[in-house]
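**Q** So you can see what is in the structure, the chains are spelled out below.
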Amino acid sequence: MDPELKFVDIAAQPYRQQQRRDDLKSFEYSYRAEITSIYPLTEMETLYRIQIVDPEERNRFVFTPGQFLMLELPGIDEAPFSISSSASVRGEVELCIRRVGNLTNFLPRVKRGTHVGIRGPFGTGFPMKEMHGQNVILVAGGLGLVPLRSPIAYVMENRSHFNKVNIVYGTKTPSQLLFTHQHEMWRKDDIDLNIIVQKADRSWKGPSGLITEPLKEILTGKDRDYYHNTYAIVCGPPVMFKFVCNMLNEFHIPMQKMFVSLERRMHCGMGKCCRCNVGSTYTCLKGPVFDYWTVMNLKEAI
Amino acid sequence: MIFRIFEKEELKKLFEVFVAHNRVVGAVEAGRDRDDQPVYAFSDVSDYNEIKLDYSITKLPAKRFFLPFKEELATFRIENDNWTKDISYNIDRPLILFGLHPCDINALNKLDKVLLHSVYPMPYYAAKRKNMFIVGMNCVPQPSCFCRSMGTDTALHGFDMFITDLGGRYFVEILTNTAFNFLRHIRTMEPMEEDHILYMKVVEKRKKEFTAQVDTTDLTKILDMEFQSDVWKYWGDRCLACGTCASVCPTCYCYGVEETVDINLKGAKKTKILHSCNLIDFAEVAGGHNFRPERHSRLKYRYYHKHRGFVEAFEESLCVGCGRCGESCLAGITVPEVIESIRADGKE
Ligand SMILES: Cc1cc2nc3c(=O)[nH]c(=O)nc-3n(C[C@H](O)[C@H](O)[C@H](O)COP(=O)(O)OP(=O)(O)OC[C@H]3O[C@@H](n4cnc5c(N)ncnc54)[C@H](O)[C@@H]3O)c2cc1C
Ligand code: SF4
Ligand code: SF4
Ligand code: FES
Numbered sequence: 001m002d003p004e005l006k007f008v009d010i011a012a013q014p015y016r017q018q019q020r021r022d023d024l025k026s027f028e029y030s031y032r033a034e035i036t037s038i039y040p041l042t043e044m045e046t047l048y049r050i051q052i053v054d055p056e057e058r059n060r061f062v063f064t065p066g067q068f069l070m071l072e073l074p075g076i077d078e079a080p081f082s083i084s085s086s087a088s089v090r091g092e093v094e095l096c097i098r099r100v101g102n103l104t105n106f107l108p109r110v111k112r113g114t115h116v117g118i119r120g121p122f123g124t125g126f127p128m129k130e131m132h133g134q135n136v137i138l139v140a141g142g143l144g145l146v147p148l149r150s151p152i153a154y155v156m157e158n159r160s161h162f163n164k165v166n167i168v169y170g171t172k173t174p175s176q177l178l179f180t181h182q183h184e185m186w187r188k189d190d191i192d193l194n195i196i197v198q199k200a201d202r203s204w205k206g207p208s209g210l211i212t213e214p215l216k217e218i219l220t221g222k223d224r225d226y227y228h229n230t231y232a233i234v235c236g237p238p239v240m241f242k243f244v245c246n247m248l249n250e251f252h253i254p255m256q257k258m259f260v261s262l263e264r265r266m267h268c269g270m271g272k273c274c275r276c277n278v279g280s281t282y283t284c285l286k287g288p289v290f291d292y293w294t295v296m297n298l299k300e301a302i
Numbered sequence: 001m002i003f004r005i006f007e008k009e010e011l012k013k014l015f016e017v018f019v020a021h022n023r024v025v026g027a028v029e030a031g032r033d034r035d036d037q038p039v040y041a042f043s044d045v046s047d048y049n050e051i052k053l054d055y056s057i058t059k060l061p062a063k064r065f066f067l068p069f070k071e072e073l074a075t076f077r078i079e080n081d082n083w084t085k086d087i088s089y090n091i092d093r094p095l096i097l098f099g100l101h102p103c104d105i106n107a108l109n110k111l112d113k114v115l116l117h118s119v120y121p122m123p124y125y126a127a128k129r130k131n132m133f134i135v136g137m138n139c140v141p142q143p144s145c146f147c148r149s150m151g152t153d154t155a156l157h158g159f160d161m162f163i164t165d166l167g168g169r170y171f172v173e174i175l176t177n178t179a180f181n182f183l184r185h186i187r188t189m190e191p192m193e194e195d196h197i198l199y200m201k202v203v204e205k206r207k208k209e210f211t212a213q214v215d216t217t218d219l220t221k222i223l224d225m226e227f228q229s230d231v232w233k234y235w236g237d238r239c240l241a242c243g244t245c246a247s248v249c250p251t252c253y254c255y256g257v258e259e260t261v262d263i264n265l266k267g268a269k270k271t272k273i274l275h276s277c278n279l280i281d282f283a284e285v286a287g288g289h290n291f292r293p294e295r296h297s298r299l300k301y302r303y304y305h306k307h308r309g310f311v312e313a314f315e316e317s318l319c320v321g322c323g324r325c326g327e328s329c330l331a332g333i334t335v336p337e338v339i340e341s342i343r344a345d346g347k348e
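Just so you know, the protein sequences line up as chains W and A, in that order. Counting from 1, one number per residue, gives the positions in the first sequence under this note's numbering. Counting from 1, one number per residue, gives the positions in the second sequence under this note's numbering.
If you are wondering where the hints come from, they were derived from the structure by calculation, not from laboratory data. One should not assume that every hint holds.
To be verified - Below, simulated EDC-like cross-link-like pairs (lysine to aspartate or glutamate); rule was C-alpha separation at most 20 Å, straight line:
#, chain 1, residue 1, chain 2, residue 2
1, A, Lys-128, W, Asp-9
2, A, Lys-266, W, Asp-9
3, W, Lys-6, A, Glu-16
4, W, Lys-286, A, Glu-312
5, W, Lys-25, A, Asp-86
6, W, Lys-25, A, Glu-71
7, A, Lys-269, W, Glu-250
8, A, Lys-113, W, Asp-22
9, A, Lys-8, A, Asp-195
10, A, Lys-128, W, Asp-23
11, A, Lys-85, W, Asp-201
12, A, Lys-130, W, Asp-22
13, A, Lys-85, W, Asp-77
14, W, Lys-6, A, Asp-345
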């Protein structure tokens with residue numbers, strides 16, 4: 001008998017990318033993807049269209065609205081971003097990125113055609129199919145509109161499956177408004193769009209105030225049937241969704257029909273680094289999309 | 001389970017069989033502390049005389065052999081605008097861990113649950129874990145050990161063989177075929193009825209030697225109920241937010257990732273660095289918002305993760321009661337005291 005232990009080489013195993021969730025070798029694997037378009041939106045935010053290079057991998061990359069991915073620039077950083085585009089397009093995503101730190105400040109320097117790495121999709125999404133036949137209210141504060149663009153695209157592509165659809169969108173100033181080039185398009189698709197800014201400037205013709213004001217208007221005076229058959233999707237800064245969710249609650253929108261997307265620090269997206277924990281729940285696995293009942297049961301969530 | 005008995009001098013022979021062809025890590029004396037007591041550490045060993053079979057506890061766990069403080073997740077080769085990502089799991093040969101105590105074996109079993117047996121298994125850990133041969137060894141309970149309260153004072157699995165000192169001879173539990181084959185190289189015997197009786201006596205005696213304990217009954221609920229308790233502030237005010245507790249803990253695995261470009265600009269690295277939830281930036285996000293800015297909220301989170309979240313997910317706590325964090329904490333914060341105080345606060 002040979003008393004030398006045999007080396008087990010995990011790296012020699014083949015990739016099984018389809019089963020990313022239980023495949024050892026997929027852990028650090030990133031899809032090579034190309035930045036095909038760079039579209040400036042505001043002073044701080046830019047929209048990047050990114051396409052997976054390999055056609056087969058492109059075909060395999062399927063996500064649900066609300067999910068996020070990890071974007072990697074070799075040597076610079078890797079960070080999570082919500083997928084901000086239609087889930088019916090395979091292998092191509094749009095990310096709307098605000099400049100805030102290491103990676104996001106480096107991004108404006110890269111050119112169209114640059115190759116980046118992406119891992120994912122990760123996390124939970126909005127249950128769009130469950131919402132068929134119902135009313136939908138999408139409430140976004142600031143950058144919160146970014147993850148909502150994917151459910152909005154879904155609603156537009158399947159408009160006949162939804163009853164009344166409202167978007168309530170608020171930012172601090174008019175100059176921070178995102179996707180202004182698409183607002184008309186949403187409206188034409190019979191989506192009611194209410195925009196409100198906290199601080200108006202001279203050019204601003206719309207209302208100013210808190211996001212809860214237009215929301216209250218929408219909710220007031222509806223019948224029981226409306227409240228019971230309405231889904232709400234809420235994204236934005238923590239202070240905002242506390243107020244918004246409280247209001248939705250007051251109008252008896254069922255808690256399990258209210259969805260929020262939480263943001264936490266993330267370094268893996270796979271339930272390993274623990275940086276994203278809320279209480280002891282992994283935002284990257286059980287979230288970022290949670291129903292409100294779950295959020296109420298999480299310690300330190302809001 | 002298969003049991004064997006062997007004479008004391010056979011252990012040296014077994015060690016020599018191990019070391020002849022394999023990398024062996026065991027507890028050695030690394031120095032002396034202020035009271036001239038030996039300080040033990042896990043280290044590569046080639047000489048049997050270096051190994052301290054009767055070591056009390058090591059200051060640091062064997063973690064660096066399966067969750068190194070710093071580890072490269074990937075390297076990049078950069079040429080002009082193009083790059084290639086190379087992934088290595090940073091291990092090329094098996095490792096024998098010689099003389100692990102039950103707490104440290106149980107720590108591996110717990111880590112397995114989250115790093116191997118849940119969604120997105122981690123290959124860096126798996127590669128090391130699958131190339132690990134473990135020789136467990138019984139210990140003498142220290143004043144700071146509360147493993148008995150955590151149900152980790154004995155190891156039921158997670159080792160290849162486990163050796164118990166019966167005084168004159170060794171009693172060994174054999175869990176794997178590999179272990180059985182290794183033991184063929186030394187002289188072993190079937191244990192007799194009197195060996196079994198002797199083994200029971202040794203176990204009974206050890207059981208009585210535990211002094212520290214902590215009541216974990218209903219702890220998950222108590223942690224929830226006492227989430228806003230001022231007791232956390234009391235401990236938070238003492239905590240130095242140094243992160244030592246996590247680095248000496250055999251079950252703490254949280255980390256951060258950093259990317260750096262090589263000086264020659266031809267390569268880049270993605271490095272995983274173990275972190276500690278007590279450090280200020282643990283839950284800080286870009287733009288400056290910190291989800292846990294106060295020390296007490298971070299300290300509370302550490303207990304919450306270990307004694308509630310992990311229990312919820314895997315029906316056991318992520319603490320093996322080794323007492324290392326309490327022994328190393330400059331502020332004197334120990335797990336039994338913290339848990340006792342939270343429980344006491346609830347009783348008021
Ligand atoms: C689920 C999710 C979706 C997101 N979607 C978007 C989006 O669509 N658009 C957008 O502009 N931003 C989004 N963010 C925030 C984005 O991840 C941060 O802006 C980004 O991590 C900042 O990285 P940096 O390297 O520029 O900053 P640095 O401060 O240098 O960050 C270093 C590292 O810390 C971590 N980190 C820091 N801040 C955050 C943060 N806010 N969230 C998570 N990890 C962080 C990352 O791992 C990052 O690599 C999202 C965050 C999450 C969790
Ligand atoms: S070792 Fe003690 S002082 Fe340091 S972070 Fe841990 S509990 Fe706080
Ligand atoms: S928390 Fe402390 S006592 Fe528990 S396993 Fe970690 S170091 Fe040991
Ligand atoms: S992002 Fe690492 S555990 Fe959630």
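**Q** Each hint should be assessed against the structure and marked as holding or not.
**A** Status of each hint after checking the structure:
1. Restraint check for Lys-128 (chain A) and Asp-9 (chain W): the C-alpha separation of about 10 Å stays at or below 20 Å, so the hint holds.
2. Proposed proximity of Lys-266 (chain A) and Asp-9 (chain W) is contradicted: the alpha carbons are some 28 Å apart, above 20 Å.
3. Proximity of Lys-6 (chain W) to Glu-16 (chain A) is assessed by CA-CA distance (about 18 Å); at most 20 Å being required, the pair is judged to hold.
4. As the CA atoms of Lys-286 (chain W) and Glu-312 (chain A) are separated by approximately 14 Å, the hinted pair is consistent with the 20 Å bound.
5. Restraint check: the Cα-Cα separation between Lys-25 (chain W) and Asp-86 (chain A) comes to about 12 Å, which is no more than 20 Å; the hinted pair holds.
6. The hinted pair formed by Lys-25 (chain W) and Glu-71 (chain A) meets the criterion: a straight-line CA distance of about 17 Å does not exceed 20 Å.
7. For the given pair, Lys-269 (chain A) sits about 51 Å from Glu-250 (chain W) by alpha-carbon distance, which is inconsistent with the 20 Å threshold.
8. Straight-line distance between C-alpha atoms of Lys-113 (chain A) and Asp-22 (chain W) comes to about 13 Å, which keeps the hinted pair within the 20 Å bound.
9. Pair hint Lys-8 (chain A) plus Asp-195 (chain A) holds up; C-alpha atoms about 15 Å apart against a cutoff of 20 Å.
10. Taking the CA atoms of Lys-128 (chain A) and Asp-23 (chain W), the gap is about 16 Å. The hint holds against a cut of 20 Å.
11. Between Lys-85 (chain A) and Asp-201 (chain W) the CA atoms are separated by roughly 48 Å; this puts the pair beyond 20 Å, and the hint is violated.
12. Restraint check for Lys-130 (chain A) and Asp-22 (chain W): the C-alpha separation of about 16 Å stays at or below 20 Å, so the hint holds.
13. With a CA separation close to 14 Å, the supplied pair Lys-85 (chain A) and Asp-77 (chain W) stays within the 20 Å bound.
14. Using a Cα cut-off of 20 Å, the hinted pair Lys-6 (chain W) and Asp-345 (chain A) is violated, with the two alpha carbons roughly 53 Å apart.
Against the hints set out earlier in the document, violations occur for numbers 2, 7, 11 and 14.
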